[in-house]
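Colleague: Spelled out, the chains give:
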Amino acid sequence: MSFVPIYILILGFTIIIDYWAGIFLEKTTGKNRKFFLIASLVANIGVLSVFKYYNFFNENLTALLHDIGLKNPVPALSILLPIGLSFHTFQAMSYTIEVYRGNQKAEKNFGIYALYVMFYPQLVAGPIERPQNLLHQFYENHKFDYERVVNGLKLILWGFFKKLVIADRLALYVGAVYNNPTHHTGLSFIMATIFFAFQIYCDFSGYSDIAIGAAKVMGFKLMTNFNRPYLARNISEFWQRWHISLSTWFKDYLYIPLGGNRVSVPRWYFNLFFVFLISGLWHGANWTFIIWGALNGFYLVFAIVSRGIRNRIAQLVGLNKLPRINRTIEVATTFMLVCFAWIFFRANSLADSFLIIKNIFNLKGPLFFDSADPSSFVFSVFGICMLLMIELKQEYYKGKFSLFNNPHWLIRNLSYAVLIILILLIGVFDGGQFIYFQF
Amino acid sequence: MLFKKIKNNQYFYFFFKLLLLGFIVFVLDFSIGSILRYYYFKQEVGRDARATYAIEKTYADILIFGSSRAYHQYIPTIFEEKTKQSCYNTGSPGVFLLHSYAVLKAVLKRYTPKLIVLDINSGDLGVERESYDALSFLMPYYAHHKEIRPIVDLKDAFERIKNTSSIYPFNSQIFMIAGGNLEYFKKRNIDIKGYKPLNRIWNESIKTRDSNPYPLDTTKVDILKYFIRDCKRAGIKLVIVFSPMYFNYTKTEYSVTIAKQIANEEHICFFDFTNDTFFIKHPVLFDDPTHLNNDGAMLFTNKIVDSISRCVH
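Sequence lines, in order, name chains A and B. Counting from 1, one number per residue, gives the positions in the first sequence under my numbering. Counting from 1, one number per residue, gives the positions in the second sequence under my numbering.
Simulated from the structure, these hints should not be mistaken for lab results. For clarity, every value in this text was computed on a predicted model and none was experimentally measured. Cβ atoms here follow ideal geometry from the backbone N, Cα and C, with glycine treated the same way.
Derived pair list, reagent style DSBU-like, types lysine-lysine, alpha-carbon separation capped at 35 Å:
no., chain 1, residue 1, chain 2, residue 2
1, A, Lys154, B, Lys5
2, B, Lys5, A, Lys400
3, B, Lys84, B, Lys232
4, B, Lys109, B, Lys82
5, B, Lys196, B, Lys84
6, A, Lys154, B, Lys162
Partial pick of chain B residues on the chain A-facing surface, computed with a CB cut under 7 Å:
no., residue
7, Gln10
8, Leu28
9, Ser165
10, Ile167
11, Ser172
12, Phe175
Let the sequences and hints guide you as you build the complete structure.
Modeller: So, in structure tokens, the structure goes:
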């Protein structure tokens, strides 16, 4: 990560464009409204395209031309990807779209609008907010509220735990395997992929918890971004629980404008697939992300197509009479499908991801275990177990066995204290950064 | 009555609860940290025990500094036999130049050795994060060794704040500390004056390594200069060595080239074993391409002691 102060001008540019676009959108009628909306979208997508996608498309064009014996005359750009660009661009776009749709009044105060785009807790990695939820909160008087502040601090603490104790610990194992795929075999790939599933979840949801918690302490309510996604029973439910602010963004501003499910069946499947393809591209300018998105789109379409057959099989086997077992099988299957897609997300290149998939079923080799630091593996498993216990409790035993909200002050305080002690004792403090900052 | 008053005022109540939580955290942190500290310094063998011996106990005339390549390649008993002076190998796996300099600082606070051998590694002066992260191994000494703090602080801007915790210096080490106190591990981790032999025989063909220049970490270059300066000031004879590797280098590794330049400027003996024909013709002397096995270490130590004797006299 580099610090380039001049890059603040990029943010300044889109803020000025969108601020004026919002005002003109409100003032004008007819065709001109569309013009201002398109101007704003072009500016935002243009910035994103230049900084995030230009070199990717140019590299692919170079490779394509090279294959047919031609040289690409267009030079590559030597630029860095500004941190969190995809997040604040999408947040800014949601503002102009909502003003265009008449759901949101244009913001007259430039400072307030700039704050909406740059609100520091969620500037770099979301949640991607909507103007209807956030803008009005900047005008409200935020008084000190004990419960709210304490809940915010609790969320921050839990976010730090997820990030430092689980995500960054798992990153050590995942990195060792995924960065050297030629040195590993099936068992290690399976373990590293499962670890990555929890790493990316704890990394990203940990950041979201910190962001939402920090905003809460100051009196602001940001939208929920994660809702125990690995307990989802199907892919559709997974996407209702994972990165909710992005999923709903794509639903509101791409899927529904494309016609959603109120179109012919083939077109509906196309809409679903296309939205996930774009979602993959949003995550990164690399074929690995595009395939990851396409794979998720395929899962969703396949789930719809095969719903009848799956229900019939469940009836035949008698699973519909065993709801707990049925639910466990569904959750486990969804988790495995998600994990398989994560291979593309994490692999350093498309070639690496195919190599991993090719070797993942070769279970003959040993499980990679860092003999120089065996405790790291134990801490990883401990972290995942603790997370699962807490999430299973939250999902299925609401109100029971509560530690952090226990009515007894000593148990409550001891629980927070133990969380802090665990962070100090087994958290990873060396050099990690949030994965989603790169998007 | 007082509690009721506090409870009625949201601010007071919040700070009261914060203080209460702070107190519980402090008690737990202090208690667990003290237990970990006790058992950490009670270890008799292993990486931590050797670090404690190097930093707080040794009075050896000759000290060897470096990473795993020092730890597995320099045999102190050979130094002792040939020079009739005591010797200890402070080398440790996974540590780099920054770590060596911190240990040197701690040593110089107590006494002045007569000779220091610094084993430099390929990439030692390059830009990478690992050598800063490896300073974590020195965290248990942070509280009582002021002299190493400026070096450990290079790891992170908040290191000083984090070290106010009693647990943090032993972060992620709970199993290592437990293992270091178990008889089973004590028997497995025995070293000979800081040297641990490797016993495998390498039987793969030699690989070629390019050594193009790469960006240098100016802090590390400065640390190498400080290492030389401090030894000179204390009147210690210093020797820098790039020990053998089972690689065909297209030219001298870049960090080694820079270290050699600095050594020449400072009139320090430098022994470069890059592409040393004797070693690269005998893979049986290696455990892996970057470490000699015990046979190799014996030959190498004999060779280097003779070379050092010729150079420093």
